[in-house]
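Trainee: Numbers given in the numbering used here equal positions in the sequence shown, counted from 1, plus 1.
Just to be clear, a hint being listed does not mean it is correct.
Claimed, not checked - Within a straight-line C-alpha distance of at most 30 Å, the following computed DSSO-like cross-link-like pairs (lysine-lysine) qualify:
{"#": "1", "residue 1": "Lys38", "residue 2": "Lys82"}
{"#": "2", "residue 1": "Lys38", "residue 2": "Lys28"}
{"#": "3", "residue 1": "Lys106", "residue 2": "Lys38"}
{"#": "4", "residue 1": "Lys82", "residue 2": "Lys28"}
{"#": "5", "residue 1": "Lys82", "residue 2": "Lys35"}
To be verified - Label-pair ranges, simulated between beta-carbon atoms:
{"#": "6", "residue 1": "Ala32", "residue 2": "Leu101", "range": "20 to 26 Å"}
{"#": "7", "residue 1": "Gly63", "residue 2": "Arg109", "range": "18 to 24 Å"}
{"#": "8", "residue 1": "Lys35", "residue 2": "Leu68", "range": "31 to 37 Å"}
{"#": "9", "residue 1": "Arg67", "residue 2": "Glu107", "range": "33 to 39 Å"}
{"#": "10", "residue 1": "Arg67", "residue 2": "Lys35", "range": "28 to 34 Å"}
{"#": "11", "residue 1": "Lys35", "residue 2": "Glu66", "range": "31 to 37 Å"}
{"#": "12", "residue 1": "Asn46", "residue 2": "Arg113", "range": "31 to 37 Å"}
Simulated from the structure, these hints should not be mistaken for lab results. Note that CB positions come from ideal geometry on N, CA and C, so glycine has one too.
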Amino acid sequence: MAYDPIFYLPLTESTFYILLSLAPGRKHGYAIMKDVKDLSRRRVNLSTSTLYTAVGRLLDQGLIERLHDGGQESGPGLTRKSYELTDLGRRVLEAEHVRLQGMVKEARLRLREGGA
2 MAYDPIFYLP LTESTFYILL SLAPGRKHGY AIMKDVKDLS RRRVNLSTST
52 LYTAVGRLLD QGLIERLHDG GQESGPGLTR KSYELTDLGR RVLEAEHVRL
102 QGMVKEARLR LREGGA
């Protein structure tokens with residue numbers, strides 16, 4: 002696992018919004034799906050399989066961690082799982098934020114030069 006946040010960039014739009022959804026704190030899968038849809042103004046609408054494929058990859062990369070919420074059940078015999086950012090995940094999200102800000106700044110300058 003790489004510890005330099007730059008190694009993970011650029012993030013896909015879905016990954017960016019999943020990490021952003023977890024920035025304020027832990028969430029379970031359905032809450033992440035709903036939050037991503039809201040944060041992206043409905044541009045990113047994750048299916049369950051897409052979310053959990055991404056979650057599996059983010060877990061493997063060490064960007065998020067799984068928490069078992071004791072007592073909350075999502076179905077018969079199933080315990081609801083929540084996810085939260087790791088320190089590395091937060092640093093990756095912050096690095097992507099800086100990268101995107103730089104892109105927007107350059108676009109503004111170029112568009113201004115072109116008379117837009």
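Trainee: Next step is simple, just say for each hint if it's right about the structure.
Mentor: A quick look at each hint next to the structure:
Restraint check for Lys38 and Lys82: satisfied, since their Cα atoms lie roughly 20 Å apart, inside the 30 Å limit. Taking the CA atoms of Lys38 and Lys28, the gap is about 14 Å. The hint holds against a cut of 30 Å. Distance restraint check for Lys106 and Lys38: the Cα-Cα separation of roughly 26 Å lies within the 30 Å cut-off, and the hinted pair is therefore satisfied. About 8 Å separates the Cα atoms of Lys82 and Lys28, which keeps this hinted pair within 30 Å; it holds.
Taking the CA atoms of Lys82 and Lys35, the gap is near 16 Å; set against the 30 Å cutoff, the hint holds. Separated by about 24 Å at the C-beta atoms, Ala32 and Leu101 satisfy the suggested range of 20 to 26 Å. In this structure the supplied range 18 to 24 Å is violated for Gly63 paired with Arg109, their Cβ-Cβ distance being about 34 Å. Roughly 18 Å separates the CB atoms of Lys35 and Leu68, a value that falls outside the hinted 31 to 37 Å.
Distance hint check: the CB atoms of Arg67 and Glu107 are about 38 Å apart, consistent with the given range 33 to 39 Å. As the Cβ distance of Arg67 to Lys35 is approximately 19 Å, the hint placing it in 28 to 34 Å is violated. The given range of 31 to 37 Å is broken by Lys35 and Glu66, whose C-beta atoms sit roughly 21 Å from each other. The given range of 31 to 37 Å is respected by Asn46 and Arg113, whose C-beta atoms sit roughly 34 Å from each other.
Violated hints, listed in ascending order, are 7, 8, 10, 11; each of the other numbered hints is respected by the structure.
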